[in-house]
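Novice: In case you want the letters, here they are:
2 protein chains.
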Amino acid sequence: MASKNISRAVIRRLPRYYRYLSELMENNIVRISSKELSERMHVTASQIRQDFNNFGGFGQQGYGYNVEFLYTEIGKVLGLERTHNVIIIGAGNVGRAIANYPDFKKRGFVFTAIFDSNPSLEGIKIGECVVQSMDNLERFVSENDVEIAALTIPKCAAREVAAGLVSLGVKAMWNFAPTDLNLPGDVLVENVHLAESLMRLSYRIKELEE
Amino acid sequence: MASKNISRAVIRRLPRYYRYLSELMENNIVRISSKELSERMHVTASQIRQDFNNFGGFGQQGYGYNVEFLYTEIGKVLGLERTHNVIIIGAGNVGRAIANYPDFKKRGFVFTAIFDSNPSLEGIKIGECVVQSMDNLERFVSENDVEIAALTIPKCAAREVAAGLVSLGVKAMWNFAPTDLNLPGDVLVENVHLAESLMRLSYRIKELEE
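Top to bottom, those sequences are chains A and B.
Anchor point for the first sequence: position 12 equals 12 in our numbering, and the numbering is continuous, going up by one each time.
Anchor point for the second sequence: position 127 equals 127 in our numbering, and the numbering is continuous, going up by one each time.
Accuracy of the hints is not assured; some may be wrong.
Identical copies go unnamed one by one, so any copy, or any two together, can satisfy a pair.
As the list claims (entries may be wrong) - Listed next, the in silico DSS-like pairs over lysine-lysine satisfying Cα-Cα at most 27 angstroms (straight line): (1) LYS206 / LYS125; (2) LYS35 / LYS155; (3) LYS125 / LYS105; (4) LYS171 / LYS206.
Source of the hints: derived by calculation from the structure; they are not laboratory data.
If we strip away everything but chain A, and leave its shape as in the complex, we get (with noise of 0.2 angstroms):
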């Protein structure tokens, strides 16, 4: 399946159609037609033949879509019909957070190890985890397979841990802390920025006032 030159707009929306799928089944919904879709999810059913013509299609429009067979056809896509391991660094409020997430495991992210440079935090039980020393980390990343790193950990810190993880050889961060990473172009890094959602946020509200 092409998924390459794909735009970074389709990339974003597929994630929101996979979780408007799994709601779908959810209600026993079996077909749907793009134009219900499109009124559910509030964009233009052209939009979403457009998106899903990326990959092929999936499936025959005058009859509507098979919602399991689009679900299990934009998982694929997504990289979701295999499971990732995902270690969290920063054992704090986001890291517990993720870890407790019960939606991640269900879509295959299985979280093997947190640590945390706070020796008072070591030895917690968070989730399925039990908190280790950062003095562990390269033992382990080194010993199983990490494919993703949560970096949950202050901006401080953030950049040396990440540059310390690709050099074991992790090629992709979630990071949470609010700054760039600046590592090599060849790893991937995906930003949850929460302080500038926030603000986008704010600048809506602002906008509104005008």
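Got chain A; can you put chain B on it based on the hints?
Specialist: Here is chain B on its own, set in the frame of chain A:
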């Protein structure tokens, strides 16, 4: 200042400019050219000029930008020249994380109350707030200026709570629940869908493998 009809892509980048400028100020950098800024931010200089031209350009390009002036002006565009009162619904890990996050206060977001439906959390201090019963929510919102509600509650409760907040007059939601809230069109919703972010990362991993 005309800030209407600005594209969502520009709005998406503005907080990032703001964050970079804040870092430049921390490093005592007084002036920066669009070329230098573009290299740091990995966007083209022409993109930066184009973005800034939506807001009048923010000063002469030939001499570079005055960092503090640019920071202040973008802050004004983002509505950060005044404070915003935020309540948090849900005192779980995500609610705690945002209540304790120092950067929000620095940007003028003031968390004025936290509510949770779990009686065992009532009275616990989180950040500068004490967790209150959901039974207090209606009175609190009617007696206080609440501009933004952060929804850090499970999906099953999110829509009902959001609809209730709207009926109490809250006009902006910062939604962490993994669902769309389906609120009236005049209510602003900024979503933080963590699972979608992680799925985008998974997509990019898969893309690299192909």
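Novice: Against each hint, give a clear statement of whether it holds in the structure.
Specialist: Going down the list of hints, with the structure as the test:
{"no.": "1", "hint": "LYS206 / LYS125", "verdict": "neither (43 angstroms within a copy, 31 angstroms between copies)"}
{"no.": "2", "hint": "LYS35 / LYS155", "verdict": "between (44 angstroms within a copy, 25 angstroms between copies)"}
{"no.": "3", "hint": "LYS125 / LYS105", "verdict": "within (17 angstroms within a copy, 30 angstroms between copies)"}
{"no.": "4", "hint": "LYS171 / LYS206", "verdict": "between (39 angstroms within a copy, 12 angstroms between copies)"}
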